[in-house]
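Chains as they are written, first to last, in the UniProt record's numbering: chain A, 1 to 446; chain B, 1 to 506.
Just so you know, the hints here were simulated from the structure itself, not pulled from any lab data. These numbers come from a predicted model, not from an experiment. Quick reminder that beta carbons are idealized off the backbone N, C-alpha and C, glycines included. One or more hints might be untrue.
[Unchecked claim] Derived list of chain B stretches under chain A, where covered just means 3 residues or more per stretch with a C-beta under 8 Å from a C-beta of chain A:
1. 39-47
2. 148-154
[What the hints assert, rightly or not] Cβ pair distances, simulated, as ranges:
3. A/L22 / B/V24: 47 to 55 Å
4. A/V213 / B/L14: 26 to 34 Å
5. B/E33 / A/A341: 35 to 43 Å
6. A/E266 / B/N196: 50 to 58 Å
7. B/R3 / A/A285: 46 to 54 Å
8. A/S32 / B/R377: 44 to 52 Å
[Claimed, not checked] Derived contacts from chain B toward chain A, CB cut-off under 10 Å, selection only:
9. M1
10. I2
11. R3
12. L16
13. A17
14. V26
15. V28
16. P32
17. G64
18. T68
19. P71
20. E492
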Amino acid sequence: MTAKRRGVELTLLVGAVLISVLGYVDVGLARSGAVPPDAAAYGAGLGLLALLAHLAVRFRAPYADPLLLPIAVLLNGLGLVLIYRLDLETPDDHAAPTQLVWSTLGVAFFIAVVVLLRDHRTLQGYAYVSVAAALLLLLVPIFFPAVNGAKIWIRIGGFSFQPGEFAKILLAVFFAAYLAANRHALAYSGRRVWGVQLPTGRVLGPIVAIWLVSVGVLVLERDLGTSLLFFGLFVILLYVATGRTGWVAVGLLLASAGAFVVGGLEPHVHGRVEDWLHPFASIEAGRGPGQLAQSLFAFAAGGMLGTGLGLGESVLIGFAAKSDFILATAGEELGLAGLTAVFLLYALLVARGFGTGLALRDPFGRLLATGLSSIPALQVFVITGGVMGLIPLTGMAMPFLAQGGSSVVTNWIIVALLIRLSDSARAPEPRGAPPGAVLPVVEEVR
Amino acid sequence: MIRCIRHAAALCLLLLAALLVNAVRVQVFQAPELDRNPANRRVVMARYADPRGDIVVDGVPVTGSKDTRQPLRHERTYTDGPLYAPVTGLASQTYGTTLLENAEDPVLSGTSPMLAPFPFVHDLGRTRPAGGNVVTTVREPLQRLAYEGLAGRRGAVAAVEPSSGRILALVSSPSYDPGLLSGTGREVAAAWARLNAAPDQPMLNRALRQTYPPGSTFKIVTAAAALDAGVVTDVDAPTDAPEPYLLPGTRTVLPNEAKGCGNASLAYAIRWSCNTVMAHLGVRVGAAGMLDAVARFGFNDASLRVPSAVARSNFDTEMTLDRLALSAIGQYDTTATPLQMALVAAAVANGGEIAQPHLVDRTTTADGDTVAQHVRRTYRQAMLPPTALRLQQLMVSVVDGGSGSNAAIEGARVGGKTGTAQHGVGNTGTPYAWFIGWAQGPGTGRPAVAVAVVVEDASANREDVSGGGSAAPIARSVMEAALREEERRDAERLGAHRRAVAPPVR
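Just need the whole structure built from these sequences, with the hints factored in.
Structure (structure tokens):
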């Protein structure tokens with residue numbers, strides 16, 4: 001019988017909560033020489049969330065991968081510490097309490113998914129509901145005013161959220177379901193052109209159309225990061241489903257052409273590209289350092305070991321220091337050492353997700369696990385590459401770390417789905433499929 | 001499908017690995033260049049992140065730090081700012097640092113490597129040692145009496161301890177409060193503009209940075225040159241100086257303010273300040289001899305630092321004999337800082353040797369551990385010791401019933417020399433009143449203090465301006481304070497000694 005490893009998970013969770021609380025205490029000691037008065041409450045809150053999530057996993061997904069939940073708790077806790085630390089510099093804007101509320105909501109969703117979704121194959125039946133919901137969510141912000149140049153927000157009352165974040169999961173579910181159902185048709189039907197087997201338009205058409213609509217809408221809304229993410233997700237899943245390297249080549253070609261055209265023509269994007277190529281141009285022009293330059297200064301100030309929590313000056317980045325640029329604070333105050341640890345946490349999360357995909361037997365599950373693992377990987381790459389000058393900057397939230405309610409909730413749902421998938425993958429055979437679920441395809445064709 | 005998932009996983013992990021490589025590139029290889037970027041405010045923010053160390057006078061800090069909670073967090077504060085401004089200078093976030101704040105900035109700001117006993121520990125933790133303190137040689141009572149003596153008139157006072165070179169007082173008047181310039185913002189800019197535009201030049205450090213024609217006080221230098229060169233061997237013998245004295249090669253007659261200067265002795269000439277005798281002696285010593293002598297006093301030395309830079313005191317290196325004659329009585333192009341003239345008095349008081357003048361006794365860490373201690377050394381041997389002894393007697397006679405009688409202190413041995421320096425086009429400006437002198441307490445082996453006072457005294461009637469009238473009383477109060485201080489310290493030392501040798505009380 002496969003080991004359940006729930007004790008390991010609990011131990012790691014205790015460690016994750018302790019590290020977060022110590023970070024919180026460290027910020028207080030560095031900034032005012034005193035332990036923050038609410039450190040115990042903060043620790044208890046995070047600990048309670050972790051415990052509830054753990055209990056949900058223990059009773060409803062006992063065979064799940066024991067690393068996923070502790071990584072999520074640690075990243076979320078670290079994000080709260082960094083946001084709390086930046087709150088100290090901006091007395092008019094306290095984001096940490098709100099973020100804690102959203103985190104609680106995220107964990108609630110996590111528990112709901114783990115408890116209510118007994119088998120991931122259920123989702124396969126909701127493929128078209130998912131895509132309809134995703135397109136709706138993507139379209140809605142067009143009717144709301146732009147925030148900082150991007151029309152990706154819905155504001156109702158005091159709350160605002162980014163529907164594009166939730167659309168990620170829905171699209172991943174749809175792509176996985178559609179490709180799982182049609183992968184043979186995609187790979188082996190249609191005409192041959194110049195020795196390349198093309199799929200029939202009837203099979204390929206709908207999915208390309210949906211992808212084009214999503215990306216088109218996002219470009220209209222100037223949400224470049226998410227459009228890049230959807231593009232990458234689509235290409236990866238198409239490749240995994242069909243096994244055709246050609247799709248990757250076509251995808252890269254299209255991406256390059258699209259990037260070239262959009263980067264050259266669209267002024268907002270063109271500005272981002274210019275900033276990326278010349279991060280110090282505004283200094284030379286006498287207008288002081290731009291945001292990217294400030295971000296690079298922060299990373300440089302951190303060096304190998306960092307200045308220590310609370311002792312950096314990353315608040316100089318200004319606008320978006322708690323969201324898009326939160327990694328600069330991690331880089332400055334925790335240094336290359338801390339940044340490496342953060343990257344490793346993401347890499348571990350992604351690797352365990354892919355491992356789940358490899359262990360699963362049904363194509364839908366495999367594709368879903370692949371998609372859900374690719375999302376944080378691509379997202380971390382796009383945002384980190386942006387704030388560190390590797391690629392042009394596109395506004396996006398660092399998974400779990402950055403301020404942003406919809407992002408935190410979405411990432412908790414992703415982790416919940418991975419937990420569910422890994423439970424299926426690691427659970428001992430035989431395991432009865434719930435009624436109504438599509439039967440797993442056991443044999444591997446290629 | 002398995003193979004493709006592996007490929008996708010490899011791609012994703014490759015992307016994350018690329019981020020790590022990029023982080024190394026930025027945080028390790030590009031970091032030094034980014035840190036140096038002038039638009040990166042971290043350097044200046046780090047500079048003000050911690051309180052600055054203090055400048056200490058008589059065991060009491062005369063500076064402080066105020067936490068503003070602004071990005072440039074700590075601002076300098078000054079207690080008795082105007083009183084100590086010529087010593088401390090200013091430490092401004094907007095306008096930089098001057099004087100001691102500038103010269104000792106590495107210690108005060110905590111960047112001096114000497115403050116960190118284990119630099120590696122600080123490098124590893126990226127912490128900086130707390131700013132250290134600068135302990136000055138200034139004595140609070142002397143500084144205060146000198147400042148109050150000037151009473152807002154334009155002028156300066158410099159007092160040194162002849163045997164050690166310790167600068168006991170350094171006053172410039174009118175002064176300003178450097179605390180007004182500490183921070184940033186509109187008020188600071190306005191104060192800066194106002195102080196710079198003020199006709200009285202309150203930010204000018206007249207004791208160190210302003211040179212004045214020294215007038216008759218310079219006759220001490222000329223007398224030392226004449227005695228050392230053997231031009232005069234007996235101070236009481238007639239000097240063959242004619243009265244009136246026709247400046248060599250001209251038809252200009254040099255007058256005397258004093259009477260009886262014709263063919264007078266050096267002793268008489270110093271006591272009553274005869275222009276003719278001293279000009280005549282200067283010409284007899286000759287240009288080379290005079291240049292040699294003034295250099296031994298520190299004139300024409302632009303490199304003197306105490307550690308604040310001291311302006312160069314001037315004695316022209318090339319001139320005609322008539323100008324040499326004028327220069328020998330402290331006129332023409334001869335100019336001196338008040339500190340330089342205090343050193344002239346100190347040279348006489350200290351047997352001809354000038355100890356290196358200094359303002360900083362020692363620097364310490366924030367905890368008070370000494371980092372660096374001033375080591376006494378000789379600045380110049382200004383004259384031969386017998387010459388110094390003779391000049392001491394002559395200077396005493398100036399105070400004992402001569403032109404400097406206002407400086408006399410009961411029970412003490414006081415030497416002095418007055419001066420009234422002409423200046424301006426055609427000597428039309430209000431003259432500067434000078435006094436230089438030294439004082440020795442009863443029963444002590446050597447003079448405790450040498451002092452120079454200059455009063456610009458623009459508001460006084462020209463006839464009233466004289467070294468004896470305006471400057472000597474200030475010098476006297478400073479010298480009296482120095483003698484009291486010496487007495488007090490001797491008593492303390494004696495008490496400590498008695499305690500040390502006394503048997504323990506049971």
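Hint by hint, here is what the structure shows:
Coverage of the region 39-47 of chain B by chain A holds [criterion: at least 3 residues with CB-CB distance below 8 Å; count 5]. Against chain A, the region 148-154 of chain B contributes 0 residues with a C-beta closer than 8 Å to a partner C-beta. That does not satisfy the three-residue criterion, and the hint is violated. For the pair A/L22 and B/V24, the supplied restraint of 47 to 55 Å is violated, since their beta-carbon distance comes to about 26 Å. In this structure the hint that A/V213 and B/L14 lie 26 to 34 Å apart at CB holds, the actual value being about 30 Å.
Between B/E33 and A/A341 the CB atoms are about 26 Å apart, so this pair departs from the stated range of 35 to 43 Å. A/E266 and B/N196 have their C-beta atoms about 52 Å apart, which keeps the hinted 50 to 58 Å range intact. In this structure the supplied range 46 to 54 Å holds for B/R3 paired with A/A285, their Cβ-Cβ distance being about 51 Å. For the hinted restraint 44 to 52 Å between A/S32 and B/R377, the CB-CB distance of approximately 48 Å keeps it satisfied.
Because the closest C-beta pair between B/M1 and chain A is about 6 Å apart, less than 10 Å, the hint holds. The beta carbon of B/I2 comes within 6 Å of a beta carbon in chain A, closer than 10 Å, and the hint placing it at the interface holds. A least Cβ separation of about 7 Å between B/R3 and chain A falls short of the 10 Å threshold, and the interface hint therefore holds. Evaluation of the B/L16 hint against chain A yields a held restraint, the C-beta minimum of about 5 Å falling below 10 Å.
About 8 Å separates the beta-carbon of B/A17 from the nearest beta-carbon of chain A, less than 10 Å, and the hint is met. Taken as an interface hint, B/V26 checks out: its beta carbon lies about 5 Å from the nearest beta carbon of chain A, inside 10 Å. With a least beta-carbon distance of about 7 Å to chain A, the hint placing B/V28 at the interface is held under the 10 Å criterion. For B/P32, the interface hint holds, the least distance from its beta-carbon to any beta-carbon of chain A being 8 Å, beneath 10 Å.
Because the beta carbon of B/G64 sits about 20 Å from the nearest beta carbon in chain A, more than 10 Å, this interface hint is broken. Because the closest C-beta pair between B/T68 and chain A is about 15 Å apart, greater than 10 Å, the hint is violated. With its C-beta approaching chain A no nearer than about 8 Å, B/P71 sits inside the 10 Å limit, and its interface hint holds. Checking B/E492 against chain A by beta carbon gives a least distance of about 39 Å; that is not within 10 Å, so the hint is violated.
In this structure, the hints that do not hold are numbers 2, 3, 5, 17, 18 and 20, in rising order.
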